[in-house]
Amino acid sequence: MEGGRRDGIPISIEELNKLKSIAEKARRNVVKMLFYDQTIHVGSSLSSIEILTTLLFRYVREGKDPINRDWLILSKGHAAPALYAILVEKGYINEDELWKIQDISGLLQGHPEIHIPGIDMSTGSLGQGLSFGVGVAQGIKMRGGSGRVFVIMGDGEQDEGEIWEAMTHAVTRKLDNLIAFIEMNGFQLDAATSEVKPKDFLPDVWRAVGWKTLSCDGHDFISLINTIEEALKAKAPVVIFAKTRRGMGFKPIENTEKQRASPDDAKKYLTNA
Amino acid sequence: MMQRSTLPMRDTFGRLLADLGEKNKDIIVITADVGNSTRAMYFRERFPDRYFNVGISEQDMVNFAAGLSVTGYKPIVVGFAMFVMRAWEQIRNSIARMNLDVKIMVTHAGYSDSGDGSSHQSLEDIALMRVLPNMKVIIPADSADVKRSLPVVVNELRGPLYYRMGRDYTPVITEGLDYDFKLGKAYVLKDGDDLAIMGAGVVLADALKAAEELEKMGISTAVINLMSIKPIDEDLIEYYARKTGRIITIEEHSIYGGIGSAVAEVLVKKYPVPMRFIGATTFGRSARSERDLLDYYGINYKSIINAAMELVK
Chain A
328 MEGGRRDGIP ISIEELNKLK SIAEKARRNV VKMLFYDQTI HVGSSLSSIE ILTTLLFRYV
388 REGKDPINRD WLILSKGHAA PALYAILVEK GYINEDELWK IQDISGLLQG HPEIHIPGID
448 MSTGSLGQGL SFGVGVAQGI KMRGGSGRVF VIMGDGEQDE GEIWEAMTHA VTRKLDNLIA
508 FIEMNGFQLD AATSEVKPKD FLPDVWRAVG WKTLSCDGHD FISLINTIEE ALKAKAPVVI
568 FAKTRRGMGF KPIENTEKQR ASPDDAKKYL TNA
Chain B
59 MMQRSTLPMR DTFGRLLADL GEKNKDIIVI TADVGNSTRA MYFRERFPDR YFNVGISEQD
119 MVNFAAGLSV TGYKPIVVGF AMFVMRAWEQ IRNSIARMNL DVKIMVTHAG YSDSGDGSSH
179 QSLEDIALMR VLPNMKVIIP ADSADVKRSL PVVVNELRGP LYYRMGRDYT PVITEGLDYD
239 FKLGKAYVLK DGDDLAIMGA GVVLADALKA AEELEKMGIS TAVINLMSIK PIDEDLIEYY
299 ARKTGRIITI EEHSIYGGIG SAVAEVLVKK YPVPMRFIGA TTFGRSARSE RDLLDYYGIN
359 YKSIINAAME LVK
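These protein sequences, in sequence, are chains A and B. So the numbering used here is basically just the index in the first sequence, starting at one, shifted up by 327. So the numbering used here is basically just the index in the second sequence, starting at one, shifted up by 58.
Isolated chain B, as found in the complex (with noise of 0.2 Å):
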């Protein structure tokens, strides 16, 4: 069953950031000239004075939001997550190294820019971020997710933090559950037994679809949205390592160096069992949706039902 899709996450975003942007005065939003496409648009209709282009420089962008943090506003980049990353070095060396209160909120990321093609899709966001001291990586994985954790990141985190969101395609994953974000806390989708899958964002709709199909086999399945990838929650980790004894992780983001990567440095650590990671290992291509790029590239609920035959043989 693939579910219902809801209001696109940049869009929930969007509307949300400017609602809080009515009670926090000092929320700043800075953008490269993607303000409509990210949805920031809908915070410079209603705080024109407090909404930024810069024009198409990230590099620009980001020490301009570290200047502004200084003298004690909040600023918000906002850009499409490739992008973004034209300007690592500048996050590294101003926003981490100075560890200031910078927030990167990212859309387009994955393969949710499908039509542009390889230039435009963000498969190795996660790794340079995660690997960043002080900064902070989070991935909602829809709507649902984004109006959990957006307030607390903006109003409560301080530092600098990733915020990681795609283009339209929003499958319905959380809507309904009841637990609050907290940051470096993971949330249970679905309890299981014999194994457990493990990722963060969309990619989780096919996670709860594969775990399904995998009960219809008899083989009892866990699904854990990971969503805070740094800090990550180490003891729900380990704890689902130790009952199930088997874990996939699923991304879409290249797998060297992403959430599977992640999870893999606290198994080692702590309770290490047979792995299968699902993931990026090439540049995408054009596709007319990001469905069919996951499923071109086996992002997808098949290949998870692969690797689990794999692991309980």
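With the rest of the complex left out, here is chain A (with noise of 0.2 Å):
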């Protein structure tokens, strides 16, 4: 299936079903990856799958020309081996390579980096993906491209100062290329995001400062696809709340702080699935 260029085209029950297994597909691997390093961020990224497939199997457009292309940045860096998983489905990156993540020889960094094919921005350090995102729209409308951002974002990742700084320039610019997602897994590192910094008023803050702010359900593709085209046709910077489970389908970490477990889980996950 061609990514990219379907907006506003109504979804297919064979395209769900594509996006579907393409999302199973690259959750098994992401579990499949634990086999083979067991310090991978596991529950983060089994929270992107649904985001990252629809994205880039649906919305994305590809090209060389930088402003008139869409740019996909995945700001929290920790969720990667997602990333990789479906740019395998892509074809950007060998399936073989994903057993070779954060391998001394391998391809695939423990955080985004752009010299991987279908990469857009490194990342890895928190809360400095909206602000190049804000870059990277602006120098599109500046010299006239169709280009359009997409930035995505954990609720930890909130707790950052840098995101303010964005968030208001974002607005100052009259970015409605920019697109964000935050996801609202409800966890950072340490502890569930409630009792580390509070993030329920996130939504608020985001409106109040001037961005058009949406909500969905991060792993139901259609109501990911429908938050999307509405963000698609407004005049502002938008960001789209996204609910996520941590270790999303996968039992023994799904919504806990986890980000890991042993090789045998993953093994008990692959042979039941």
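Rather than coming from a laboratory, the hints here were simulated on the basis of the structure. Check the hints yourself; a few may be wrong.
[Unchecked claim] Quick list of in silico lysine to aspartate or glutamate cross-link-like pairs, DMTMM-like style, CA-CA up to 25 Å: (1) A:Lys594 x A:Asp423; (2) A:Lys468 x B:Glu233; (3) B:Lys360 x B:Asp226; (4) A:Lys468 x B:Asp107; (5) B:Lys83 x A:Glu581; (6) A:Lys359 x A:Asp423; (7) A:Lys468 x B:Asp226; (8) A:Lys345 x A:Asp423; (9) A:Lys391 x B:Glu80; (10) A:Lys526 x A:Asp591; (11) A:Lys468 x B:Glu103; (12) A:Lys501 x B:Asp107; (13) A:Lys501 x B:Glu103; (14) B:Lys81 x A:Glu581; (15) A:Lys427 x A:Asp591; (16) A:Lys501 x B:Asp84; (17) A:Lys468 x B:Asp249; (18) A:Lys562 x B:Asp107; (19) B:Lys243 x B:Glu233; (20) A:Lys585 x A:Asp544; (21) B:Lys274 x B:Asp249; (22) A:Lys501 x B:Asp91; (23) A:Lys524 x B:Glu147.
Put the two chains together into one complex; each comes in its own frame, and the hints tell you how they fit.
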């Protein structure tokens, strides 16, 4: 299936099933990566699978011209395994590379790097993707290009001060070609987000600052597609609060602060699924 | 002889940057609410559409510039040296790591923001910038050096680059000298056989004054304008180490990790000679002038002469 350039086209059952099967394959591959490296961020990756699948297989328009293509910035760079697994489905990366993730001889780094095919920004340090996205979106507008910028952030990431700097900046520039996702999975590194710093007020703040604020179920393709379609029509920068579950679909860690599980747990998942 | 002052470097810089914007439509200037103080305002006056004040948000400024650069623009981030360092991690992880064509041009470096005191005095930035892979570091000595280097830096050099200037204190150092700026090249301001003083920036005025005094004492002293701190001119440094056998470095910056350290790194590999390091070892303090601070902390010609006496004894 071709990715991108499907704005406004109603989804067919066939396409929906295809997206589901891509996401399921990517989910299994993320869990399978656990066999090879137990330090990857499985929980955060599984939380992002459907959002990345939807964007890369339905909306992101690829191309060499930097102002007439779309950009995908994974600001929550620790979810790199999910992005890699989907880039395998897109044909950018050989599947064999997944099993060498974080290996000294491998292509795939623990966090995204632009030398990896299909990666638009080197990330890993939280809070930086949105500012970069504002710059890309502004550059596209100044040059009269048609490109759009999608930035994916985590809820824990919202603690970073640079997000505030960028959030207010995007509104000043009236960047209606910028769509940000905030994944609300409820956990950050040490504990639940509610224990570390409150996050419930975030939609109110983003709205008050001037963003068009939408919300969706980040694991439901129909919900995601309907919300993105609405976002694409907006005349302001849009933020989509996507409710997700950390470790979605992988019971040993689902909806917990755990990022990792044992290879045995991974084996059980892969053989039972 | 402390030479007459000229147009402050920040003014020369601001005017020239605006001139460069005339021919190169890809230049974009970005500041964090210091457009007036840095003289980026001259660019704003002529090209308001290519000038962005992002507000008091240096981290956003750096990554905004990074994003603009991938759409083919040439962003120039202009700020106070100290506060751009607030976004050092952004400079490292976005600009240097992705090797993006973003220039970081700072004013108010060293003690030059004399009145504001230690919070505003940037004495660590050279060390922080030169440690980054892909980053180039350029330090003009005076307005003439700005005129020589800025067009080359903006129009010809690709990739991350740090360009460091002060606020007002701008003694004439290189005016009238016949040389072109070239990345990685140092310049001989004065030749000599017994001792070489190496440094960059306004403190080279003190180096020249010290050299003059030392000549009167029969010590033939060379003065080298390093200007391109990274890459650094290893050949010229080695040549003068071999020729004179003694090196003094001077910098308006910490002696830990700065220009003296860069010279020492070269000499340890190529031709070790006795050295003395003149520069900061503490945080600064408020003063009515940059000159007062340089004298207070002993970053001046007297310290050079004392160090020279030790070395030649």
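Hints, verified against the model:
1. A:Lys594 x A:Asp423: 18 Å, holds
2. A:Lys468 x B:Glu233: 43 Å, violated
3. B:Lys360 x B:Asp226: Answer holds: Lys360 of chain B to Asp226 of chain B is near 22 Å, not above 25 Å.
4. A:Lys468 x B:Asp107: Holds: Lys468 of chain A and Asp107 of chain B sit about 12 Å apart, inside 25 Å.
5. B:Lys83 x A:Glu581: Cα-Cα ~52 Å, so violated.
6. A:Lys359 x A:Asp423: Holds - the C-alpha atoms of Asp423 of chain A and Lys359 of chain A are around 12 Å apart, at most 25 Å.
7. A:Lys468 x B:Asp226: Given pair Lys468 of chain A, Asp226 of chain B is violated - Cα atoms ~37 Å apart, limit 25 Å.
8. A:Lys345 x A:Asp423: Holds, because 22 Å separates the two Cα atoms, which is no more than 25 Å.
9. A:Lys391 x B:Glu80: The given pair, whose Cα atoms are some 29 Å apart, is violated under the 25 Å limit.
10. A:Lys526 x A:Asp591: The given pair, whose Cα atoms are some 34 Å apart, is violated under the 25 Å limit.
11. A:Lys468 x B:Glu103: Holds, because 22 Å separates the two Cα atoms, which is no more than 25 Å.
12. A:Lys501 x B:Asp107: 14 Å, holds
13. A:Lys501 x B:Glu103: 22 Å, holds
14. B:Lys81 x A:Glu581: 57 Å, violated
15. A:Lys427 x A:Asp591: Since the Cα atoms of Lys427 of chain A and Asp591 of chain A sit roughly 19 Å apart, the hinted pair holds (cutoff 25 Å).
16. A:Lys501 x B:Asp84: 21 Å, holds
17. A:Lys468 x B:Asp249: Distance of about 53 Å is beyond 25 Å: violated.
18. A:Lys562 x B:Asp107: Given that 25 Å is the threshold and the Cα spacing comes to 21 Å, the pair holds.
19. B:Lys243 x B:Glu233: Measuring from Cα to Cα gives roughly 18 Å; hence the hint holds.
20. A:Lys585 x A:Asp544: 21 Å, holds
21. B:Lys274 x B:Asp249: Holds, at roughly 15 Å.
22. A:Lys501 x B:Asp91: OK: Lys501 of chain A and Asp91 of chain B at ~19 Å, within 25 Å.
23. A:Lys524 x B:Glu147: At roughly 23 Å apart (the allowed maximum being 25 Å), Glu147 of chain B and Lys524 of chain A satisfy the hint.
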